[in-house]
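As they're listed, the protein sequences go chains A and B. Each residue of the first sequence is one higher than the one before, starting from 0 at the first, in numbering that gives the first Met the number 0. Each residue of the second sequence is one higher than the one before, starting from 0 at the first, in numbering that gives the first Met the number 0.
Just so you know, these hints were derived from the structure itself, not from any lab. Just so you know, even glycine gets a beta-carbon here, dropped at the ideal spot from N, CA and C. Zero decoy hints are in this set.
So the derived label-pair ranges between C-beta atoms look like this:
1. Pro247/B / Ala24/A: 19 to 25 Å
2. Glu167/A / Arg58/B: 19 to 25 Å
3. Arg161/B / Asp46/A: 46 to 52 Å
4. Asn105/A / Arg161/B: 49 to 55 Å
5. Ala24/A / Asn267/B: 38 to 44 Å
6. Asp18/B / Pro143/A: 22 to 28 Å
7. Asp18/B / Pro166/A: 38 to 44 Å
Covered by chain A, according to a simulated footprint, are these stretches of chain B (three or more residues, beta-carbon under 8 Å):
8. 57–63
9. 223–230
10. 238–250
11. 325–334
12. 338–346
13. 352–364
When the alpha-carbon atoms are kept at most 25 Å apart in a straight line, the in silico BS3-like pairs for lysine-lysine are as follows:
14. Lys68/A / Lys324/B
15. Lys324/B / Lys69/A
16. Lys71/A / Lys324/B
17. Lys104/A / Lys20/A
18. Lys161/A / Lys72/A
19. Lys62/B / Lys320/B
20. Lys72/A / Lys320/B
21. Lys72/A / Lys62/B
22. Lys72/A / Lys100/B
23. Lys72/A / Lys97/A
24. Lys97/B / Lys320/B
25. Lys100/B / Lys91/A
26. Lys194/B / Lys149/B
27. Lys100/B / Lys320/B
28. Lys161/A / Lys324/B
29. Lys97/B / Lys93/A
30. Lys91/A / Lys97/B
31. Lys69/A / Lys320/B
32. Lys161/A / Lys62/B
33. Lys257/B / Lys91/A
34. Lys100/B / Lys20/A
35. Lys298/B / Lys149/B
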Amino acid sequence: MIAQEIANVLDQQFAGKITAKNLEAMDPWIALDPAAFADVANFCRDDPRLSFDSLQCISGVDYLEPDPKKVKKAGFDPHLEVVYHLYSFKNKHKIVLKIILPRWKNDQPGEIPDVPSVAGIWPTADWHEREVFDLSGVNFAGHPSLIRILCPEDWVGHPLRKDYEFPEEYHGIRGK
Amino acid sequence: MSTITLDDPTVVEFDVRTDEMLVNMGPQHPSTHGVLRLLLRTDGEVVNEITAHIGYLHRCAEKIGENLAPYQYIPYTDRMDYLAGMNMNLGWALAVEKHCKMDIPERAQIIRFIIAEMGRLASHLVGMGAYGLDLGTFSPFLYAFREREKILDLFEEVCGARLTYSYITIGGATHDFPDGWVERCRDFLDYFEPKIEEYHTLLTRNAIFIKRTAKLGILPREMAIAYGCTGPVLRGSGVNHDLRRDEPYSMYDQFKFKVACPLDENGNHQWPEMPDEAVIGDCWARFYVRMLEVIESVKLVRQGLDRYPSSQGRHRSEAWKATMKLPRGETYLETECPRGQMGFMVIGKDDPIPLRVRARSSSFCNLSVGGELCRGCLVADVPAIIGSLDIVMGEIDR
Numbered sequence: 000m001i002a003q004e005i006a007n008v009l010d011q012q013f014a015g016k017i018t019a020k021n022l023e024a025m026d027p028w029i030a031l032d033p034a035a036f037a038d039v040a041n042f043c044r045d046d047p048r049l050s051f052d053s054l055q056c057i058s059g060v061d062y063l064e065p066d067p068k069k070v071k072k073a074g075f076d077p078h079l080e081v082v083y084h085l086y087s088f089k090n091k092h093k094i095v096l097k098i099i100l101p102r103w104k105n106d107q108p109g110e111i112p113d114v115p116s117v118a119g120i121w122p123t124a125d126w127h128e129r130e131v132f133d134l135s136g137v138n139f140a141g142h143p144s145l146i147r148i149l150c151p152e153d154w155v156g157h158p159l160r161k162d163y164e165f166p167e168e169y170h171g172i173r174g175k
Numbered sequence: 000m001s002t003i004t005l006d007d008p009t010v011v012e013f014d015v016r017t018d019e020m021l022v023n024m025g026p027q028h029p030s031t032h033g034v035l036r037l038l039l040r041t042d043g044e045v046v047n048e049i050t051a052h053i054g055y056l057h058r059c060a061e062k063i064g065e066n067l068a069p070y071q072y073i074p075y076t077d078r079m080d081y082l083a084g085m086n087m088n089l090g091w092a093l094a095v096e097k098h099c100k101m102d103i104p105e106r107a108q109i110i111r112f113i114i115a116e117m118g119r120l121a122s123h124l125v126g127m128g129a130y131g132l133d134l135g136t137f138s139p140f141l142y143a144f145r146e147r148e149k150i151l152d153l154f155e156e157v158c159g160a161r162l163t164y165s166y167i168t169i170g171g172a173t174h175d176f177p178d179g180w181v182e183r184c185r186d187f188l189d190y191f192e193p194k195i196e197e198y199h200t201l202l203t204r205n206a207i208f209i210k211r212t213a214k215l216g217i218l219p220r221e222m223a224i225a226y227g228c229t230g231p232v233l234r235g236s237g238v239n240h241d242l243r244r245d246e247p248y249s250m251y252d253q254f255k256f257k258v259a260c261p262l263d264e265n266g267n268h269q270w271p272e273m274p275d276e277a278v279i280g281d282c283w284a285r286f287y288v289r290m291l292e293v294i295e296s297v298k299l300v301r302q303g304l305d306r307y308p309s310s311q312g313r314h315r316s317e318a319w320k321a322t323m324k325l326p327r328g329e330t331y332l333e334t335e336c337p338r339g340q341m342g343f344m345v346i347g348k349d350d351p352i353p354l355r356v357r358a359r360s361s362s363f364c365n366l367s368v369g370g371e372l373c374r375g376c377l378v379a380d381v382p383a384i385i386g387s388l389d390i391v392m393g394e395i396d397r
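Could you build the full structure based on these sequences and the hints that come with them?
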């Protein structure tokens, strides 16, 4: 199936839940409402037309230009994206699903936004979600044990956020 | 025995029954392939649960990528999977070229093709030798490194480095092959090809090796797909999938090779030489996939060397410039590295520096299934199972 047909199938099933899409991009993507994402993910895996049995990658992307002089040129509003790359071994097709989030929940800096976890749908998401939580700061609601995976457990902050500040000191080790 | 503190959220101390014991394996254990820490919950000799603790080698590779132009990022890709640096370079270069829609000259493509397959040979030799070490046999390791040295000599001739090459770069490769390299490479293949049979005698058909690996750590097909396993781990479970054939890049579609997998594309068994004890998806099958890939790589390199003298163009695209801007938008590309599918995502912001770099590591996903594979096995089998996944911590922790 090409991306257009996949988008049509999702459109039929989940009308109104698709918030944005770009099917002409290098990797065609469909953005979804976070509230409906768990249902969409289940459908994507189980529907025989789609049967996306494999989740290749989850990435967190922070769209923020920290330099105030360059904000105009950047061409995007500050937001956070969680990107899911899906592949079907059965049908040999792929699609990119996205969830577009505010950078902080309720605009409260430090409150990381929520996304439903898909670790129960694709077990590989377990570690990927832990990594996105650790580095990009996204809370995956319903994840079996959402703890840091690459950084130490007592690390503060989420390093892949663009406004992340490197710690001055970590257990007596000078940072800067 | 480890000292476990209650702060460790994966361990609930009061949940440990008196007949269960927590054993820490790593991070400085010789058979953990780097700095991997496994926490085993054992009942006598039987392992009830393993928890992998990773991150000891985390070097912020993705964060560094947000501050460098793509060509400056090449050396960092070397240090991800440091046993297959050439293949990592290729994956990153292809992702950036796809993003910039850059055409690569035929000469550059054929150089990359030959070098990537040689890299696979070197990597699988370490994989094979180190797996022998995991199981307690030392000599295959020495034979494997003897052969690998010769490959590294060839790599040193083309780029001056023996481990972190930075040879394949955006737009092609940094240099063309030196004079006489093609002949020396052919000489190596002539020397190496008969040696493969020795490895089969040493390991593949060795009765002790079969006893240690057959019917151990069986990974069913569905579980391999659900956990995102790729490469030899996936193919060992009977999924006939290889990006080099299914989504060809770098001229792989123009050369003939056979995908190493116990089942062919129609699901028929194609390994009559498989011992009776072994089953599809066990440690032996994963190991044998790598051994067959070595043979296929030799064939591919030979075809590439035959094609090399007649290839047109330069070793690097004229279109490449250090100040080249990465257009807006995002591109994700996976390539078939020795350990599985290595994916790179690049997001541009109309500037030479990318907005975001993402590296999807194959060993990361392959290791995540380790917990399922080790459930109920013996303590002594843990290195055999984890070793059969052939992980490299540099790639997992990035």
